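**Q** Line by line, the protein sequences are chains R and Y. Residue 3 is where the first sequence starts when you use our numbering, and the numbers rise one by one after that. Residue 2 is where the second sequence starts when you use our numbering, and the numbers rise one by one after that.
Just so you know, these hints were derived from the structure itself, not from any lab. A portion of the hints provided could be inaccurate.
Facing chain R, a subset of chain Y residues (Cβ under 8 Å, in silico) [what the hints assert, rightly or not]: (1) ALA9; (2) LEU12; (3) ARG13; (4) LEU17; (5) PHE95; (6) ALA97; (7) PRO98; (8) VAL99; (9) GLY102; (10) ARG166; (11) HIS227; (12) ARG255; (13) ARG256; (14) LEU260.
Please read these numbers as outputs of a predicted model, since none were measured by experiment. In this text, a Cβ means the ideal position worked out from N, Cα and C, and glycines have one as well.
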Amino acid sequence: MVIEVHDLVKQFNGTTAVDRLSFTAQRGEILGLLGPNGAGKTTAIQMLLGIIEPTAGNIRVFGQDIATHRQAILQRLNFSSAYVSLPQNLPVIDNLRVFAGIYGVANWREKAMELLRLFEIDRFATRKTGQLSSGESTRLHLCKALLNDPELLLLDEPTASLDPDIADKVRKLLRRIQRERGITVLYTSHNMREIEEICDRVIFLHHGRKMAEGPPKEVIAQFNQQSLEQVFIRIVRDGELEVTKDNNHG
Amino acid sequence: MSFRRITALLLRYLLLYRQSWTRIMEIFFWPVMDLLVWGFLTAYLLQVGSSRVPTLITFLIGSMIFWDLLYRAQQSVTISFLEDVWARNLLNIFVAPVTIGEFLTATFALGVIKVLINGLVLAALAWLLYAFDIFQLGFTLIPFVLSLMLMGWAMGMVTVALIMRWGHAAEALAWGIPFLVQPLSAVFYPVSVLPVWLQPIAWALPSTYVFEGMRQVLATGHAPWHMFWWSFGLNLVYLIASGFFFHHIFALVRRKGLLAKLGME
Numbered sequence: 003m004v005i006e007v008h009d010l011v012k013q014f015n016g017t018t019a020v021d022r023l024s025f026t027a028q029r030g031e032i033l034g035l036l037g038p039n040g041a042g043k044t045t046a047i048q049m050l051l052g053i054i055e056p057t058a059g060n061i062r063v064f065g066q067d068i069a070t071h072r073q074a075i076l077q078r079l080n081f082s083s084a085y086v087s088l089p090q091n092l093p094v095i096d097n098l099r100v101f102a103g104i105y106g107v108a109n110w111r112e113k114a115m116e117l118l119r120l121f122e123i124d125r126f127a128t129r130k131t132g133q134l135s136s137g138e139s140t141r142l143h144l145c146k147a148l149l150n151d152p153e154l155l156l157l158d159e160p161t162a163s164l165d166p167d168i169a170d171k172v173r174k175l176l177r178r179i180q181r182e183r184g185i186t187v188l189y190t191s192h193n194m195r196e197i198e199e200i201c202d203r204v205i206f207l208h209h210g211r212k213m214a215e216g217p218p219k220e221v222i223a224q225f226n227q228q229s230l231e232q233v234f235i236r237i238v239r240d241g242e243l244e245v246t247k248d249n250n251h252g
Numbered sequence: 002m003s004f005r006r007i008t009a010l011l012l013r014y015l016l017l018y019r020q021s022w023t024r025i026m027e028i029f030f031w032p033v034m035d036l037l038v039w040g041f042l043t044a045y046l047l048q049v050g051s052s053r054v055p056t057l058i059t060f061l062i063g064s065m066i067f068w069d070l071l072y073r074a075q076q077s078v079t080i081s082f083l084e085d086v087w088a089r090n091l092l093n094i095f096v097a098p099v100t101i102g103e104f105l106t107a108t109f110a111l112g113v114i115k116v117l118i119n120g121l122v123l124a125a126l127a128w129l130l131y132a133f134d135i136f137q138l139g140f141t142l143i144p145f146v147l148s149l150m151l152m153g154w155a156m157g158m159v160t161v162a163l164i165m166r167w168g169h170a171a172e173a174l175a176w177g178i179p180f181l182v183q184p185l186s187a188v189f190y191p192v193s194v195l196p197v198w199l200q201p202i203a204w205a206l207p208s209t210y211v212f213e214g215m216r217q218v219l220a221t222g223h224a225p226w227h228m229f230w231w232s233f234g235l236n237l238v239y240l241i242a243s244g245f246f247f248h249h250i251f252a253l254v255r256r257k258g259l260l261a262k263l264g265m266e
């Protein structure tokens with residue numbers, strides 16, 4: 003098992019962002035974390051990365067506890083998010099050089115160029131990162147995320163700022179790389195079609211709670227809906243009702 | 002601690018300078034402006050004439066150079082951190098296998114490089130413009146500069162911790178904190194000028210011993226080593242205390258999710 007999350011809780015000033023969340027992810031699996039804004043997806047990912055400390059529960063990655071083996075775990079995974087950037091005033095190749103140094107990548111230039119070629123942005127190697135378009139910049143972030151040949155990739159809305167054409171290309175490429183290398187991917191997105199296309203299994207979160215879990219087709223059938231988007235809407239609306247009821251009873 | 006990761010982080014900050022003339026100019030601009038203002042002021046005082054004025058000139062120019070070295074050491078820590086906040090690169094760094102110790106060591110190393118470059122440029126300019134030879138202090142200069150750097154690092158750690166805790170609202174502290182200690186550090190005047198009740202506070206700062214010591218060297222030609230040892234000892238205390246403070250705040254921001262917030266805003 004690559005990820006084992008057990009009874010994870012995170013509270014901020016009395017507000018519960020993640021509520022007794024448990025899940026696992028197997029080697030080579032793409033697991034989608036879904037939910038509306040504020041559902042707890044990003045908080046859960048940040049706890050997996052060890053930059054937010056859980057209030058309760060435990061997280062094991064590669065069989066090791068993140069609380070006690072953070073450095074060793076981080077060496078074997080990587081992260082990309084639409085909300086994080088690389089220094090805009092550095093050339094593309096220099097950004098990859100710095101992170102290759104941090105991750106201890108041997109033959110960094112060859113590795114960086116190989117990834118830039120794979121994502122078809124090698125012609126921008128010497129261009130300043132700030133001069134890249136959103137699509138090129140996202141592809142550069144993915145190059146950075148693959149520099150250390152991660153066994154686990156945490157992608158927080160990686161295609162959020164992309165047009166449908168580029169988003170489609172990025173997804174297909176990611177899927178190909180993931181299959182070839184057997185990488186485990188934890189993927190968050192608001193784009194339900196994207197999730198249906200790319201994920202082997204999904205977990206729906208709402209108000210920090212797990213509302214549904216399973217392969218996309220099974221979850222769709224379980225809720226008697228036609229698509230994940232409809233499941234999403236139903237879970238969010240029913241979830242709101244449930245929370246309102248809970249609050250009234252409380 | 003990994004030397005490889007420290008050099009990679011240091012490279013990240015140094016590469017910024019290769020890309021930008023304005024950043025390179027920023028290293029020199031303020032120190033050179035300070036040197037010109039203070040230098041010409043003292044030259045004017047010399048014209049006015051007084052038997053003590055030549056000594057004053059050396060005091061002021063020496064103080065200005067030393068103060069700038071302290072300031073640059075603090076800035077190397079705080080501005081490096083802020084560079085990653087502004088670039089929204091902070092999470093990329095902190096989700097990589099980088100320890101806090103490695104991150105801080107890289108910023109300290111950047112401080113050493115900046116202080117060396119700055120010190121040499123200012124010393125050369127002071128010699129060219131005012132015939133002030135800072136090397137008249139001889140090898141005594143080196144431990145005193147080292148002591149100032151240690152204090153700059155301690156102040157840098159405290160500043161970064163406060164920025165992590167209070168976010169963008171606290172960014173101004175990066176420039177403000179050194180000026181909080183300046184009036185008490187007896188940079189441009191002796192401690193005896195301060196009100197009596199402030200003097201114990203001044204003597205609790207490592208920088209005070211450096212500036213007082215520097216003035217004694219210039220006035221008498223003899224290095225007051227006890228001043229250096231007091232400064233060095235206090236710096237060790239301040240470094241350890243600021244290290245604990247940083248560690249405590251880092252744990253707090255991880256609990257409150259503030260580092261993630263700062264990295265994504």
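**Q** Does each hint fit the structure? Answer for all of them.
**A** Hint-by-hint comparison with the structure:
no. : hint   : result
1   : ALA9   : holds (3 Å)
2   : LEU12  : holds (6 Å)
3   : ARG13  : holds (4 Å)
4   : LEU17  : holds (6 Å)
5   : PHE95  : holds (6 Å)
6   : ALA97  : holds (5 Å)
7   : PRO98  : holds (4 Å)
8   : VAL99  : holds (6 Å)
9   : GLY102 : violated (11 Å)
10  : ARG166 : violated (15 Å)
11  : HIS227 : violated (43 Å)
12  : ARG255 : holds (5 Å)
13  : ARG256 : holds (5 Å)
14  : LEU260 : holds (6 Å)
Hint compliance for this structure: hints 9, 10 and 11 are broken, all remaining hints hold.
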